[in-house]
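Line order of the protein sequences matches chains A and X.
Read in numbering that gives the first Met the number 0, the first sequence has 172 at position 173, and its numbers run on one by one without any break.
Read in numbering that gives the first Met the number 0, the second sequence has 407 at position 408, and its numbers run on one by one without any break.
Incorrect hints may appear among the rest.
Claimed, not checked - Here are the simulated lysine to any residue pairs, SDA-like style, with alpha carbons at most 20 Å apart: (1) Lys207/X <-> Lys449/X; (2) Lys232/X <-> Lys232/A; (3) Lys247/X <-> Arg236/A; (4) Lys247/X <-> Gln235/A; (5) Lys449/A <-> Glu332/X; (6) Lys232/A <-> Glu242/X; (7) Lys110/X <-> Leu267/A; (8) Lys247/X <-> Lys110/A; (9) Lys232/X <-> Glu242/A; (10) Lys110/A <-> Thr263/X; (11) Lys110/A <-> Lys207/X.
No lab work stands behind these hints, which were simulated from the structure alone.
There are 2 protein chains.
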Amino acid sequence: MLKRGATQVLRAAKSRASSSSLSTTVPSRLTAACAAGARWSAGSRRTAASAAALKTHEDAAELLFQALPPILPDDLPIVSADERRVAIGWDTRTWSRFHNIWLRDHCRCPKCFHPVTKQRLVNTFEIPADISPMKVEAKFEGLEVHWPETERHISLYPWNWLQQTSYDPKIAPKTERKEKILWGSQILQSPPTVTYYEVMSDDYGVYKWLSNIDCFGFSFVSDVPVTMEATEKLAQRIGFIRETQYGKFWEFTSDLSKGDTAYTTMALGPHTDNTYFTDPCGLQLFHLLSHDGDGGATLLVDGFYVASILKELDPNAYELLSNIPIPAHAAGEAGALYRPSPPGGYPVLTHDRVSDALAQVRWNNDDRSAMSHLDPYVVEDWYNAIRAWQRLLTSPDSEYWVQLKPGTAVVIDNHRVLHGRSAFDGKRRMCGAYIGVDEYTSRLAVLTEKYRLGRGTKADDGSAPARSVWSPAL
Amino acid sequence: MLKRGATQVLRAAKSRASSSSLSTTVPSRLTAACAAGARWSAGSRRTAASAAALKTHEDAAELLFQALPPILPDDLPIVSADERRVAIGWDTRTWSRFHNIWLRDHCRCPKCFHPVTKQRLVNTFEIPADISPMKVEAKFEGLEVHWPETERHISLYPWNWLQQTSYDPKIAPKTERKEKILWGSQILQSPPTVTYYEVMSDDYGVYKWLSNIDCFGFSFVSDVPVTMEATEKLAQRIGFIRETQYGKFWEFTSDLSKGDTAYTTMALGPHTDNTYFTDPCGLQLFHLLSHDGDGGATLLVDGFYVASILKELDPNAYELLSNIPIPAHAAGEAGALYRPSPPGGYPVLTHDRVSDALAQVRWNNDDRSAMSHLDPYVVEDWYNAIRAWQRLLTSPDSEYWVQLKPGTAVVIDNHRVLHGRSAFDGKRRMCGAYIGVDEYTSRLAVLTEKYRLGRGTKADDGSAPARSVWSPAL
Numbered sequence: 000m001l002k003r004g005a006t007q008v009l010r011a012a013k014s015r016a017s018s019s020s021l022s023t024t025v026p027s028r029l030t031a032a033c034a035a036g037a038r039w040s041a042g043s044r045r046t047a048a049s050a051a052a053l054k055t056h057e058d059a060a061e062l063l064f065q066a067l068p069p070i071l072p073d074d075l076p077i078v079s080a081d082e083r084r085v086a087i088g089w090d091t092r093t094w095s096r097f098h099n100i101w102l103r104d105h106c107r108c109p110k111c112f113h114p115v116t117k118q119r120l121v122n123t124f125e126i127p128a129d130i131s132p133m134k135v136e137a138k139f140e141g142l143e144v145h146w147p148e149t150e151r152h153i154s155l156y157p158w159n160w161l162q163q164t165s166y167d168p169k170i171a172p173k174t175e176r177k178e179k180i181l182w183g184s185q186i187l188q189s190p191p192t193v194t195y196y197e198v199m200s201d202d203y204g205v206y207k208w209l210s211n212i213d214c215f216g217f218s219f220v221s222d223v224p225v226t227m228e229a230t231e232k233l234a235q236r237i238g239f240i241r242e243t244q245y246g247k248f249w250e251f252t253s254d255l256s257k258g259d260t261a262y263t264t265m266a267l268g269p270h271t272d273n274t275y276f277t278d279p280c281g282l283q284l285f286h287l288l289s290h291d292g293d294g295g296a297t298l299l300v301d302g303f304y305v306a307s308i309l310k311e312l313d314p315n316a317y318e319l320l321s322n323i324p325i326p327a328h329a330a331g332e333a334g335a336l337y338r339p340s341p342p343g344g345y346p347v348l349t350h351d352r353v354s355d356a357l358a359q360v361r362w363n364n365d366d367r368s369a370m371s372h373l374d375p376y377v378v379e380d381w382y383n384a385i386r387a388w389q390r391l392l393t394s395p396d397s398e399y400w401v402q403l404k405p406g407t408a409v410v411i412d413n414h415r416v417l418h419g420r421s422a423f424d425g426k427r428r429m430c431g432a433y434i435g436v437d438e439y440t441s442r443l444a445v446l447t448e449k450y451r452l453g454r455g456t457k458a459d460d461g462s463a464p465a466r467s468v469w470s471p472a473l
Numbered sequence: 000m001l002k003r004g005a006t007q008v009l010r011a012a013k014s015r016a017s018s019s020s021l022s023t024t025v026p027s028r029l030t031a032a033c034a035a036g037a038r039w040s041a042g043s044r045r046t047a048a049s050a051a052a053l054k055t056h057e058d059a060a061e062l063l064f065q066a067l068p069p070i071l072p073d074d075l076p077i078v079s080a081d082e083r084r085v086a087i088g089w090d091t092r093t094w095s096r097f098h099n100i101w102l103r104d105h106c107r108c109p110k111c112f113h114p115v116t117k118q119r120l121v122n123t124f125e126i127p128a129d130i131s132p133m134k135v136e137a138k139f140e141g142l143e144v145h146w147p148e149t150e151r152h153i154s155l156y157p158w159n160w161l162q163q164t165s166y167d168p169k170i171a172p173k174t175e176r177k178e179k180i181l182w183g184s185q186i187l188q189s190p191p192t193v194t195y196y197e198v199m200s201d202d203y204g205v206y207k208w209l210s211n212i213d214c215f216g217f218s219f220v221s222d223v224p225v226t227m228e229a230t231e232k233l234a235q236r237i238g239f240i241r242e243t244q245y246g247k248f249w250e251f252t253s254d255l256s257k258g259d260t261a262y263t264t265m266a267l268g269p270h271t272d273n274t275y276f277t278d279p280c281g282l283q284l285f286h287l288l289s290h291d292g293d294g295g296a297t298l299l300v301d302g303f304y305v306a307s308i309l310k311e312l313d314p315n316a317y318e319l320l321s322n323i324p325i326p327a328h329a330a331g332e333a334g335a336l337y338r339p340s341p342p343g344g345y346p347v348l349t350h351d352r353v354s355d356a357l358a359q360v361r362w363n364n365d366d367r368s369a370m371s372h373l374d375p376y377v378v379e380d381w382y383n384a385i386r387a388w389q390r391l392l393t394s395p396d397s398e399y400w401v402q403l404k405p406g407t408a409v410v411i412d413n414h415r416v417l418h419g420r421s422a423f424d425g426k427r428r429m430c431g432a433y434i435g436v437d438e439y440t441s442r443l444a445v446l447t448e449k450y451r452l453g454r455g456t457k458a459d460d461g462s463a464p465a466r467s468v469w470s471p472a473l
């Protein structure tokens, strides 16, 4: 068991480094394609760069999923059960197997799964380890299973849910694929933007805004009234503002009032905020209210884009950034001493434990604490790795510089896009807010249900059908 | 490089399972010792149970650290440098080696490290990869290094900081050891308690309160005025209250108003809150204001205690709980669909990446989403593992049942102690709040500086000496 767990990690690490190398000319091609509005995702980039590359398991699963025949009343899947598992034949070549205990645990009838709260009611721990169906039957609505309980119990699992959740083999793609466009400096030709009016007048405007952020990692909002109040209302269209030691909705001047170099006139290199938190803020909103002076341009860098290049050019560096945790602190005020929990910290690049997709970038070299946990044999490799990463982050191909103007706010996905600024002089008033990552993803998920998955209609008439217990999010 | 990273994980997994097995009589011995007020930590328990057990590297490092001679003016450490590293001889047998680039990067003079904000100012990425000192010298204050820069630069590293951060070899223990007392049902004989007066009148009372929570995972507060207002003020003695979709400071009745079974009269088994968040709340405060009816006893279970037993009795189950992520959701309201980021979720048991110490328990079987990512070969083992875990959580030896009364609040470390309740009838008013884990650990760190590390005095006279750039937290 021990060995198996460890092997899974090794396999994941190997697959991350297995893509073929790209030439250094790729970045400019990539950004040109992106600026031209092409849907140029990391996935298609890999395929384009290396047509002969082996399909990943993920790709194979997706193809299999798409190739499954529709369920027809007169051609239902074949089902059978034995003392351990239920087998479902989708077509002559594709079978899914589900363990009996897994099926009983995943029953979503109103007695086993609360139809309103969407919480499990069945007592998982009272299900006999050797439970076995009395009968299984293919119905048009799904797989029907009769369980041998004192009180008669019948479960029904919709076919498409069984395809989505099939684990033996995996049929549906692991990730809920949302198209992400990775970008470099050329994004300046056509940066994602919505209007204040769109966002404030209709939930569809918020959906468009958050979809921009989901796809590009940031979005401008134009025509914002140049006041703190209007900007705060804008932020609250996503959700409540996350409180931190800096307050909630903040105004930002160069008075070093918060014991952090952000509150100076100094230039700041590309970084993500809150590396010293267990959970760095999800979104960050900035709005320049006024600037009576020079400098202070805003820098945005797509961390996922830079990571994808690093992975191609220097897979060993990518692995070190993915595995070596970095402790961090915010300790500029006597009354606060922030460090993440657990205090060992987190690596620069975090991947989803299930899909192994890159999920989060954490990077602020200024807030890094003592690296007293390094394996002596990787010290020089690690410094080379962060140097390679920083060089790519600060290459002209990666940097998107923009001079913010009063009336245009920007929202950044702080788990993906790094920000910075050039030095400035004069009086500069900036306001803004943090939104928690969970508030952001919850709001986007609800709006996606409403506008993309067809749970509701664009008009908010209050009569949207209820969320199904079989929603793929549950 | 790939292989090395993976091996580290494997090694960590192995060491977690390497302790010798304890007999099942241990739990009652443990709890008896705890109730008698003995300082009975997980570490000493292991040693007591198996005197012949091999010392871990951690133990070895601690012994080495304690055995180092004091630094005396006429007997300074021997220092030398070559083109890659600086070596420091602490005594005839113990040497530390520091890479040149590591030392230059960790310079904490005011030009390299901001003395107020405690942020790095030196540009790590401009340090030549092959930097090498012109001269190294042992001073009474520490190691002095002369660097070959156009502008003359001299770094001074205090000896005790070098011992603390030595990585080749590791000299100081990896974890900042705070004594944790693991407990079972016998804790009812003498549960940790502070008074409302102590906490409200003096920061030392808050330090005592948070130290209780740090040690036991919970603490009562007695003699609290039975009002929402007083309870809210009590919570704010730790820090600001964390806002969630449930609000900030909440009142809690059985009206299902929040689309969650917590808002019913149902019994709830032992669970941690917010498994559907990226960052579950750190502390949870409860205060029963009134109950006109029967039932509704509160259950507390020390998750670290139960995990320590599981690790001894069933190391394979412990590994599965430490490695297999569990997706979760809060989806009972149409306007919210919370899931952690990344959506693959987190394992039940999270360990610090550096010390490998158990750091967090996440457990709410009711909020678990579909387990469609399980390796088919571990499905039955995984169900056996969660069954074993749940059986230990619900054993009479683990359960601490207490009938809360108006006037006594309880604060729980939601990363360690699980809570639950028995079913009830009648009208029951409960109020409470979440505090973020970072606000809790920051407050405790600041108070520890003040009262234990001698940075200040008990009286808050505003003249506490400033935090050193060499603080072990940075």
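Cross-check of the supplied hints:
For the given pair, Lys207/X sits about 12 Å from Lys449/X by alpha-carbon distance, which is consistent with the 20 Å threshold. Taking the CA atoms of Lys232/X and Lys232/A, the gap is about 28 Å. The hint is violated against a cut of 20 Å. Annotation: proposed proximity of Lys247/X to Arg236/A holds, straight-line Cα distance about 19 Å (limit 20 Å). At roughly 16 Å between alpha-carbon atoms, Lys247/X and Gln235/A fall within 20 Å of each other, so this suggested pair holds.
As the CA atoms of Lys449/A and Glu332/X are separated by approximately 14 Å, the hinted pair is consistent with the 20 Å bound. A distance of roughly 17 Å separates the Cα atoms of Lys232/A and Glu242/X; the hinted pair therefore holds under the 20 Å criterion. Between Lys110/X and Leu267/A the alpha-carbon distance is near 16 Å, which keeps this suggested pair within the 20 Å criterion. A hinted pair counts as satisfied when its Cα atoms are at most 20 Å apart, and Lys247/X with Lys110/A does not qualify at roughly 32 Å.
Annotation: proposed proximity of Lys232/X to Glu242/A holds, straight-line Cα distance about 17 Å (limit 20 Å). At roughly 16 Å between alpha-carbon atoms, Lys110/A and Thr263/X fall within 20 Å of each other, so this suggested pair holds. Restraint check for Lys110/A and Lys207/X: not satisfied, since their Cα atoms lie roughly 46 Å apart, outside the 20 Å limit.
Consistency with the previously given hints fails for numbers 2, 8 and 11, ordered from lowest to highest.
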